[in-house]
Amino acid sequence: MPLESPATNAAVPDTGPAAGPSLIELFMAFAKISLAGFGGVLIWTRRAIVEQHRWMTAEEFNETFALCHFLPGPNVVNLSLVFGSRFRGIAGGIAAFVGLLGPPMVIVTILAALYSHFGEIPALRRTLAGVSCAAVGLLLSVMVRMMLPLAKKRDWIGLALLVAVFAAVGVLRLPLPIVLTIAIPLSIAVTFIARRSTAT
Amino acid sequence: MNDNGAGSLFTLAWTFGLMSLFAVGGANAAIPEIHRIAVDVRQWMTDTQFADVYAISQLSPGPNVLIVTLIGYHVAGLAGALVATLAMCGPTAMLAYYVSRFLKRSTRSRWPAIIQASLVPLSIGLMAASGLILAQASDRTWVAVAVTAVAAVLAFATRLHPLWLLLAGGVLGFAGIV
Numbered sequence: 148m149p150l151e152s153p154a155t156n157a158a159v160p161d162t163g164p165a166a167g168p169s170l171i172e173l174f175m176a177f178a179k180i181s182l183a184g185f186g187g188v189l190i191w192t193r194r195a196i197v198e199q200h201r202w203m204t205a206e207e208f209n210e211t212f213a214l215c216h217f218l219p220g221p222n223v224v225n226l227s228l229v230f231g232s233r234f235r236g237i238a239g240g241i242a243a244f245v246g247l248l249g250p251p252m253v254i255v256t257i258l259a260a261l262y263s264h265f266g267e268i269p270a271l272r273r274t275l276a277g278v279s280c281a282a283v284g285l286l287l288s289v290m291v292r293m294m295l296p297l298a299k300k301r302d303w304i305g306l307a308l309l310v311a312v313f314a315a316v317g318v319l320r321l322p323l324p325i326v327l328t329i330a331i332p333l334s335i336a337v338t339f340i341a342r343r344s345t346a347t
Numbered sequence: 153m154n155d156n157g158a159g160s161l162f163t164l165a166w167t168f169g170l171m172s173l174f175a176v177g178g179a180n181a182a183i184p185e186i187h188r189i190a191v192d193v194r195q196w197m198t199d200t201q202f203a204d205v206y207a208i209s210q211l212s213p214g215p216n217v218l219i220v221t222l223i224g225y226h227v228a229g230l231a232g233a234l235v236a237t238l239a240m241c242g243p244t245a246m247l248a249y250y251v252s253r254f255l256k257r258s259t260r261s262r263w264p265a266i267i268q269a270s271l272v273p274l275s276i277g278l279m280a281a282s283g284l285i286l287a288q289a290s291d292r293t294w295v296a297v298a299v300t301a302v303a304a305v306l307a308f309a310t311r312l313h314p315l316w317l318l319l320a321g322g323v324l325g326f327a328g329i330v
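So the protein lines, in turn, are chains E and G.
In this text, residue positions in the first sequence follow my numbering: the first is 148, and each later residue adds one.
In this text, residue positions in the second sequence follow my numbering: the first is 153, and each later residue adds one.
Each hint should be verified, as a subset may be incorrect.
A few chain E residues that don't get close to chain G, going by computed Cβ distances all over 10 Å [unchecked claim]:
no.: 1; residue: Glu198
no.: 2; residue: Trp202
no.: 3; residue: Ser344
Derived coverage of chain G by chain E (criterion: at least 3 residues anywhere in the stretch with Cβ under 8 Å from a Cβ of chain E; other residues may be distant) [claimed, not checked]:
no.: 4; region: 167-180
no.: 5; region: 208-215
no.: 6; region: 285-294
Just so you know, these hints were derived from the structure itself, not from any lab.
Just so you know, these numbers come straight off a predicted model, no measurement behind them.
Cβ atoms here follow ideal geometry from the backbone N, Cα and C, with glycine treated the same way.
Between the sequences and the hints, there should be enough to build the whole structure, so can you do that?
Structure representation (structure tokens):
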């Protein structure tokens, strides 16, 4: 299996020995995942890769996702490139990446064009205002759901860091790079010390 | 669309390319920084337009990061949409690719777990900040605040598909209630 197939045949299906998905299959799988995914694509990604296609076991998927989660950038997008490249080299990564981003980008661009033409119509303005109220509610519910484990563990230091980041970025509106430059090393140090003291 | 041309494309590219490197915890955690740049620093759009764009990105399928596609389109049309998306997604995806090759099968180290655990509270704090900033942009009346609160409770307590809640918000807005 050539892992570094030349990028020139990125659009051509690789008809090599059937070990894992072809480029077309990667593209199609991620396009489907993406188009099914409203408000978060991760659940669909796991379902397609682990349950439907059985391209990875649950453990392999978690391991790959953990890596993409602690690196910066949109997690599922990172995952698509890493996942695709596991099977077909960089061309496979690009096929999955384009599959994930291409089709919804077409839809979103059409919506953007409609918005720039009709965005000032009062009925549409009102409708979007209503949608955005609900969207904020959804975001808050996801946030609370993520916060519960910290509260249950009584992780006071974690909660204090959470509040500090919220205040710095949300209330004081400080630039993110500055806040993270301080918060990330601090949080890593605190986590490291906490784990060492519980381990011994 | 503001000033078209290579200048704004270049600005989009390096703005989002740089920002993506600080986007820990996914697109929703990056909202405050995207808002700060797009509304306050570059003044590409108003607060309300930002809330609209967020609503549209939630209404459409695909990863949440596509809000940058909408902002890119707003700034520089089709080319802007493409440049903003690639700048936000390309560099970090390549970084993930190289790191995964580097770590391949040798990750018995506990550092990835420690880094991941330490980033969790930070990304939740950033999501809370996203909530505050978007609420300030969209919840301008008490009815709007109530809609947000009800949507939050329903999304938290039920297994209702998020799309239904968004559509319900849209219907209330269309009817002139919000």
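Hints, verified against the model:
no., hint, verdict
1, Glu198, "holds (19 Å)"
2, Trp202, "holds (16 Å)"
3, Ser344, "holds (13 Å)"
4, 167-180, "holds (count 9)"
5, 208-215, "holds (count 8)"
6, 285-294, "holds (count 6)"
Consistency note: the structure conflicts with none of the earlier hints.
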